[in-house]
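Chemist: Can you make the complete structure from the sequences, with help from the hints?
Residues per chain, in single letters:
Protein chains: 2
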Amino acid sequence: MKFAPLSYNSGMKLPYVPGDDLLNRSRFSVILVNPENQENIGLVARAMKNTGFSCLRVVGKFKLTAEALRTAVHSTDILKKAPFYDSLPKAVSDLNLVFGSTVRLRKAFKVITIDEAVSRIKTYPLDTKIGLVFGNERTGLSDSELRQANFIYFIPQVSRQPSYNLAAAVLITLYTLFRESATNLLSQVPPPISRKEQTDCIELILKKLEKRGFLHETNREHVTDLLYDLFGRLALSERDRRFLTAVFNKGLDKE
Amino acid sequence: MKFAPLSYNSGMKLPYVPGDDLLNRSRFSVILVNPENQENIGLVARAMKNTGFSCLRVVGKFKLTAEALRTAVHSTDILKKAPFYDSLPKAVSDLNLVFGSTVRLRKAFKVITIDEAVSRIKTYPLDTKIGLVFGNERTGLSDSELRQANFIYFIPQVSRQPSYNLAAAVLITLYTLFRESATNLLSQVPPPISRKEQTDCIELILKKLEKRGFLHETNREHVTDLLYDLFGRLALSERDRRFLTAVFNKGLDKE
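Chain order of the listed sequences is Z and C. Number 147 in our numbering belongs to position 147 of the first sequence; there are no gaps in the numbering. Number 57 in our numbering belongs to position 57 of the second sequence; there are no gaps in the numbering.
It is worth saying that the hints were derived from the structure and are not from the lab. There's no promise every hint is true.
What the hints assert, rightly or not - Stretch by stretch, here's where chain Z covers chain C in the computed footprint (C-beta under 8 Å, at least three residues): (1) 48–60; (2) 64–75; (3) 156–170.
Unchecked claim - Among chain Z residues calculated to face chain C with C-beta under 8 Å, some are: (4) Lys49; (5) Asn50; (6) Gly52; (7) Pro125; (8) Val158; (9) Tyr164; (10) Asn165; (11) Ala168.
For each residue, glycine too, the CB sits at the ideal point set by N, CA and C.
Modeler: If you want it as structure tokens, here you go:
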């Protein structure tokens, strides 16, 4: 079977979301408090790059190692410009609104969900500087560290154990914000052709099937219905139409 | 300042979502095709555990190593029962609906977003067996592998590079399904007390402030408004009421 080459690319956009930034992501800082695992730090940088965040702050006295750089694929710039602080109060002092993440209930603090945290963020002006604080992998944030937060949130999980990995918690948080931040997260699929063109295409196929003896008096109505149902559900695009036309015009004729 | 110990825990539920499973998560299989990085495989198992998925399938000829077990915190049971297949067609043969993930556009395949994929899943019966297929870290799924998928989806990202890490792509996919799967993802916060109780509490505070000379003829109206605004916004819970009552009854009186 041969048919004319088709332009498959027409109308297809790239599956990423440049530019669009309804939440002003540049005002967000991701703050890691005493992270232990260098690979996690690199994965956090990568998750930030994936979702369009760029300011990383680290609380703790240590150096980034090659392990962090290895997992920060295409994101080492974020690591390299990340400032270090010796305490959380210093790391958040210039911010306006601080969110601390927790995986467990706290005795003295009210805990909201990540979705409520996002709703709350959206009620403040777009230049409000926001910190997202994540604790150490094993211990999380201490109560004294939580006092630096305006709000404390958790990410729903199925069971008590295991908790989300540190980089996973950052990723889900940033992805949730990213979803809110961009209007055009829907894929840019080729639009369906006009209904008349769709019908013409289906009728063409019917004619071809009739010519080949597949369609006859006793099954005509039923087969027609089935064909309309099947190709109707595809909501044919121009690409689909050209492909099907080629198949039924040339493919079947040549057999 | 001293006040009677308060029961902070009343009305607070644990921040996890047991049981609730509107999507029947047990029918989903996560299928990794030729994964290279053992740590990723362990992180995938952990992400599955976090979000309530349990069936992992692996295509490829290799053994799980200690690295995979190390990152599969509290999730090694998923790894240990994961079957291995020598080809993707074999790994999906008993499933009904297969979703392949991609980070780039494909010439011949229509690509939908992860949110559209979830919408589509919800249109099929709850016993439809579903496979979620993820390719190798470097190469993704080949076109020939994508032919095994009914639908191909991508996770929105900001720029072409970097793509999501393999474990990150699985996590976002499963978390998105998990969010759809549970009705009670909202935090179970203590309900506000009756509006009368809220007002009584605010009036009590006003009285205390008056007694202390803070409230007087010239500022009465304004301070009253400010106080109603401030404590109104808190939508006081029983815990809040008891705490504030203690602070203003005992705390201030003792000074």
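Chemist: A separate judgement is required for each hint: does it hold in the structure or not?
Modeler: Hints and how they fare:
{"no.": "1", "hint": "48–60", "verdict": "holds (count 4)"}
{"no.": "2", "hint": "64–75", "verdict": "holds (count 4)"}
{"no.": "3", "hint": "156–170", "verdict": "holds (count 12)"}
{"no.": "4", "hint": "Lys49", "verdict": "holds (6 Å)"}
{"no.": "5", "hint": "Asn50", "verdict": "holds (5 Å)"}
{"no.": "6", "hint": "Gly52", "verdict": "holds (4 Å)"}
{"no.": "7", "hint": "Pro125", "verdict": "violated (17 Å)"}
{"no.": "8", "hint": "Val158", "verdict": "holds (4 Å)"}
{"no.": "9", "hint": "Tyr164", "verdict": "holds (5 Å)"}
{"no.": "10", "hint": "Asn165", "verdict": "holds (6 Å)"}
{"no.": "11", "hint": "Ala168", "verdict": "holds (5 Å)"}
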